[in-house]
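> These protein sequences, in sequence, are chains A and B.
Residue 322 is where the first sequence starts when you use our numbering, and the numbers rise one by one after that.
Residue 61 is where the second sequence starts when you use our numbering, and the numbers rise one by one after that.
Honestly, the hints are just simulated from the structure, not real lab data.
Incorrect hints may appear among the rest.
What the hints assert, rightly or not - Straight-line alpha carbon distances no greater than 30 Å define the calculated DSS-like cross-link-like pairs of lysine-lysine that follow:
| no. | chain 1 | residue 1 | chain 2 | residue 2 |
| --- | --- | --- | --- | --- |
| 1 | B | LYS246 | A | LYS326 |
| 2 | B | LYS349 | A | LYS347 |
| 3 | A | LYS384 | A | LYS326 |
| 4 | B | LYS95 | B | LYS317 |
| 5 | A | LYS384 | B | LYS95 |
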Amino acid sequence: MVKEKIIAMLAEATDTDASEITLETKFADLGIDSLDMTEMAMDLEDEFGIEFTPSPELNTVGKLIEAVEKLAAEA
Amino acid sequence: MSFRILGTGMYVPPRAVTNDEMSQIVETSDEWISKRVGVRERRISENEFTSEMGAKAAQAALDDAGCTAADIDMILSATVSGETSSPSTACMIQHDLGATCPAMELNAACAAFLYLLETAAAYFALHPEYQKILVVGCERISGILDWADRSTCVIFGDGAGAAVLERGSGYLDSVCNVKGGDDVIKIPHTIGCSPFFHREQDTPYIHMQGQETFKYAVNSLVADITVLLERNHLTMDDIAYIVPHQANLRIIDFASKRLGIDPSKMFANIDRYGNTSSASVPIALHELKESGKIKRGDKLILCAFGGGLSDMACLLTY
Chain A
322 MVKEKIIAML AEATDTDASE ITLETKFADL GIDSLDMTEM AMDLEDEFGI
372 EFTPSPELNT VGKLIEAVEK LAAEA
Chain B
61 MSFRILGTGM YVPPRAVTND EMSQIVETSD EWISKRVGVR ERRISENEFT
111 SEMGAKAAQA ALDDAGCTAA DIDMILSATV SGETSSPSTA CMIQHDLGAT
161 CPAMELNAAC AAFLYLLETA AAYFALHPEY QKILVVGCER ISGILDWADR
211 STCVIFGDGA GAAVLERGSG YLDSVCNVKG GDDVIKIPHT IGCSPFFHRE
261 QDTPYIHMQG QETFKYAVNS LVADITVLLE RNHLTMDDIA YIVPHQANLR
311 IIDFASKRLG IDPSKMFANI DRYGNTSSAS VPIALHELKE SGKIKRGDKL
361 ILCAFGGGLS DMACLLTY
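Just chain A, with the same shape it has in the complex (with noise of 0.2 Å):
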């Protein structure tokens, strides 16, 4: 639910067909700045009832989705 929720995001921000966004993609392969992942942070914690500011070590979809996950299992 998570990782649907956050590519789904990803690919209405920056105009992709979400099939072309993996685990692997780098957010700054997406243009996506550190403003860009705040928003997205904002509106996530809004989806999932969790608190969070992200990091420059969560470069990938992958790792934003796996703190994600942890954050909203903890919720």
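The hints should help you fit chain B onto chain A, whose structure is shown.
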């Protein structure tokens, strides 16, 4: 009783510094700054102190209101970048205008102009004899920037904005919040030269955590505007314009998206001035008025957020 806005004024120093020029000072580019902040140029003072810019904006507001310094019952100013801790910028503005009324400065960082309005409303209530209060936000932010830090120095600019408030009934409601702490935004003073004090000096410039500031800004804008609308049984259709603090165009746009409103309803001029802290709301209000887009009787929401962390919004009839 509260007040209505009788006149507005602004002053920015003549020296415009473009993004291309900034890219010669720090490693950045016009594209990066425009996309991430929405600033294309900012005004930077070359020889004017904060209170001098404040006095010029104040005189412009007096002229716009059709009154003189002698008509003013109180001067309230705000800054985080005054040239002296004492006298305050309010006292120097009083001096420069040739006024004789009481004058006082307060600090609520970028949200301060809203706190000036609230304080003015309190003074109108306390002193039935007061008819006009002058409020001024003035900043020489360039003096408290780390010009080697590309994440902050490209955002800000210098300037001043002012308004003459007249006793009336235009100030309808307000909401203010403080979430005290220095972990997101901090501007340290110099610690002095006391031989007895042993803490380390932090650089006396703006320190800001960008992502946390962004989240706080968007969340406070959305929450404060929502509270004002709900509490006063209004919808955005009842509001002619929102005048937000000009911190970052992305903040304004994302808050608009979350509020579900047309971004054009949020007045923005950050592209020409950058973030001028306490001066940004009165400068934006003045430019909105000068543009002819608002008329007497229109309802406006002014809102701001910043260091403190402090945020505040007010609903008023122009």
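> Decide, hint by hint, whether the structure agrees.
Against the structure, the hints come out as follows:
About 36 Å separates the Cα atoms of LYS246 of chain B and LYS326 of chain A, which puts this hinted pair outside 30 Å; it is violated. Annotation: proposed proximity of LYS349 of chain B to LYS347 of chain A is violated, straight-line Cα distance about 45 Å (limit 30 Å). Restraint check: the Cα-Cα separation between LYS384 of chain A and LYS326 of chain A comes to about 14 Å, which is no more than 30 Å; the hinted pair holds. Restraint check for LYS95 of chain B and LYS317 of chain B: the C-alpha separation of about 17 Å stays at or below 30 Å, so the hint holds.
For the given pair, LYS384 of chain A sits about 26 Å from LYS95 of chain B by alpha-carbon distance, which is consistent with the 30 Å threshold.
Hints 1, 2, counting from the list given before, are not met by this structure.
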